[in-house]
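Participant: In case you want the letters, here they are:
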Amino acid sequence: MRESIGPRIRILVACALAAAACDRGTTKSDDASAVGGSIIIAMQNEPRSLLPPLINQIDEKVVEDQIFEPLAWLGDEGHLDRDYRPGLADSWSWERDSTAIVFHLNPKARWQDGPPVRASDVRFTFGLYADSVVGFKDRSSLARIDSVTARDSVTAVFWFKNRYAEQFYDAATRLLILPEHLLAREPRATMLTSTFGRQPVGSGRFRLGKWTPNASIELLADTANYHGRPNLDRVVFAVTDVNSLSTRLTTGEIDLAEVSTPAVFRTASAQPDLRARMNPAYDYSFLLFNARQRKQRRQPNALFADVGLRRAISMGLDRGKLVRSQFDSLAIVSTGPMTRAQPLADSTIRTIAYDSAGAARLLDSLGWTLPAGKTVRERRGQPLKFSVLVPTVSANRMTMIVAIQESLRKLGMEVVVDAVDGNTFVGRLGARDFDVVFDGRHVEPSVSGLRAFWSVASARDANGQNYGNYENPRFDAHLDSALAARDLASARPHATQAFETIVADVPAVWLYETRTAMLMHKRIRPVHLVSTAWWAGLADWSIPAAERLPRDRVGLRVASR
Amino acid sequence: MRRFLARRLAHGAAVIFIAASLSFLLVHLAPGDPFSSTLDSAAISPSVKAAWRAAYGLDRPLLEQYLRFLGQLARGDLGPSLLQPGPASAALAGAVPNTLVLMGTALILSFVIGIGVGSWQAARAGSGGDRVAGNASLVVASLPEFWLGAVLLLVFALRFRVFPAGGVVDLVMHDSLSPAGRVLDRLRHLALPSLTLALLGSASIARYQRAALLDVLPQDFIRTARAKGVSDRLVLWRHALRNALVPTIVLLGLSLPTLLGGAVFVEQVFSWPGLGRLAAAAFHARDYQVVIGATIMGAVLVVAGGILADLLHAAVDPRVRAQ
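First to last, the protein sequences are chains Z and R. 117 is the number of the first residue of the first sequence in our numbering; add one for each residue after it. 782 is the number of the first residue of the second sequence in our numbering; add one for each residue after it.
One chain only, chain Z, in its complex shape (with noise of 0.2 Å):
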């Protein structure tokens, strides 16, 4: 029984105004012109595994959305709750009560070694990807999806334990569907080495063609592709070290490069042939103060159970001057744990601001004073004196901890700085064995994985991921209430009451949120740059006949070889 709802209609007029605009996309172009060329794109990262349960960083997604598709794409305005187009799924439908959504597989869908796409495929993926084996790091995202059935051969079906807004964010975009016939038997506590993951073999419009180990990835335009051929004979993924990049952008060695250092932007968007986009920002850091005991998680933090050293710690910080000394327009000052490129984010919230007077006074009122001739503040004989866990991968992080570590040391306070390299930090962090750690997150569109990070559960949870051991019912309460509402505009409210919440709790310094900008030649023609995944409609990008390079013009002949 399928039924129409207010939010559901437009949900299925987007969709099909989506569509439309999807096919003028995808359709093979009339124009033989707009077919052929290459496109290089900077990779710093090299991925362990293309399989998609495994994801880790974005470099690796951006290769696995061109082999592989998910049932629907999320649209170019980035909207969870009505901005959808095709992907695996032609159309969809909900159940009566809201529980169910029908998605219907395009039936021409074929696997890239020839076998059509089946619900059953579907369903085999969401197993794999609900396995808690396979390791699929946001698998608590799956969690309110009951089960997946197949109603037939190009029908499936995902059933919620529940009705919420990102329903459909959730079923029909976080799984890349992957071919049963060829995975079907391995096993899943290896997958991370799987051959599988090395040769992948999916239902996008592109596939592996040549992967060489710490070099490159090269994808090549699958011809025979059920949505058309990509416009674009290849894509390959140069791995590049950061210090080359700039050079190989300016030389024209590359194509296209995210770049999040103010140094590589300026030169390289200086350059005539390149032109600059930013990206909202999906990142965001922050100085997070651990409310329990390192070690004892049963004791307060002798410092940090403080709400107000923390909050004149925040005062006394002038996150403006110190984001903008160092990442110019690549970052802004952060306002809580969102970025403001969030749908549910409110870049209104009152945050504390930068007052280091204000913040002298606090401390003394805590009786936090400077005793004559001493630098340190004291209480009861005892100094202001904390560590600051940073990872020394982080070279943004290790720069920026240098500032802080100067301002706090001017209001009293003696930092330590505690770098670690990435597999200690990650294991202290786990292990909450820190005063203060210097972390980051990196954020979807959904505020769903604030849950995660900040509620009670995750802080009582041994091994959850509130590290700071934060702890507020009201915060929990209207993130509930938030994620539970049926549209993000009834979402809206309760969202902003829970950042507000959190704020002032004060559990963090909210420092930045990194934006990168994208460099990209300009003779590339690029369509759907989706606010959260610009390579979205990578296979719809072109280059102009009259504006290729010699590496334009060398066709998938030679690459096929």
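What the hints contain is simulated information worked out from the structure, not anything from laboratory work. Since this is a predicted model, take the numbers as computed values, not measurements. Treat the hints with care, as some may be off.
[To be verified] Simulated pairs of lysine-lysine, DSSO-like, Cα-Cα distance not exceeding 30 Å: (1) Z:177 - Z:326; (2) Z:326 - Z:411; (3) Z:411 - R:830; (4) Z:638 - Z:177; (5) R:830 - Z:277; (6) Z:277 - Z:177; (7) Z:253 - Z:277; (8) R:830 - Z:253; (9) R:830 - Z:177; (10) Z:224 - Z:177; (11) Z:411 - Z:501.
Dock chain R against the given chain Z, drawing on the hints supplied.
Facilitator: Here is chain R on its own, set in the frame of chain Z:
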């Protein structure tokens, strides 16, 4: 000579064994493991991580892992790579040729440049040119590899656009080129990284060569040659240089470990997919077997370099051979 060689090989095998064992121990004692770096996430439960560790045998006692590793090593098997599918040896096999090409080219260039400059300096010892070249070689020898690489990159790739900035070949065009074009393409990509290593190596070699020539030039046989009317150029190149090459030739073997160390940095700067780059990525990801394999490769090069130096020394100096 055979006994000498056998003894050196036995010593070399012991060094490699110790290096492999130390590498095994250190990498296992370092914080984290292959599943605690990029893959780590609290969303993945400890039981899952434990299952992964068990699947790859990392849950066994260290001694048991070590003995198993030795057993595999004795069979020439390093075990599976956790960075990529297949054995670690396959990952190394893909990277080692690139590093050997880079090192070999750099080695040849560094000796050609170093011997040339050192001889030129010795021929005009004490002159202004000698002092300038001496100071310049001292400065170059003191430069870090990554800095010199970055400068060459800026000058020759960015400013003059003579050479490409990174990679081994043109990622798109290479396969479409003629055989000669492919060779040229490889040489163009090889130019800057090998020049970086070569310049650093040649600075030291030039100083050795100059000193060796200055030791030889005052000797009687040189004076005799000059008395016979041989030109200065012939005296230098035919009589003096041949005798002054002995200490420099020994450097050939000893340069290998230095070159390998430099290659680690140069490969990063020039996105060169060699052993150093692979080892750095493997260490970051705690891909134990690849890290150990790369260490063994490094130890082999050091041992081989030492033996090569001894053999070359014996080959060019009859006194050493007699000993």
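Participant: State for each hint whether it applies.
Facilitator: Here is how each hint holds up against the structure:
1. Z:177 - Z:326: 18 Å, holds
2. Z:326 - Z:411: 47 Å, violated
3. Z:411 - R:830: Measuring from Cα to Cα gives roughly 21 Å; hence the hint holds.
4. Z:638 - Z:177: 24 Å, holds
5. R:830 - Z:277: Given that 30 Å is the threshold and the Cα spacing comes to 28 Å, the pair holds.
6. Z:277 - Z:177: 28 Å, holds
7. Z:253 - Z:277: Roughly 21 Å separates the two Cα atoms, so the pair holds.
8. R:830 - Z:253: With a Cα-Cα distance of about 12 Å, the restraint between residue 830 (chain R) and residue 253 (chain Z) holds, given a limit of 30 Å.
9. R:830 - Z:177: 22 Å, holds
10. Z:224 - Z:177: 25 Å, holds
11. Z:411 - Z:501: 18 Å, holds
Taken one by one, the earlier hints fail for this structure only at number 2.
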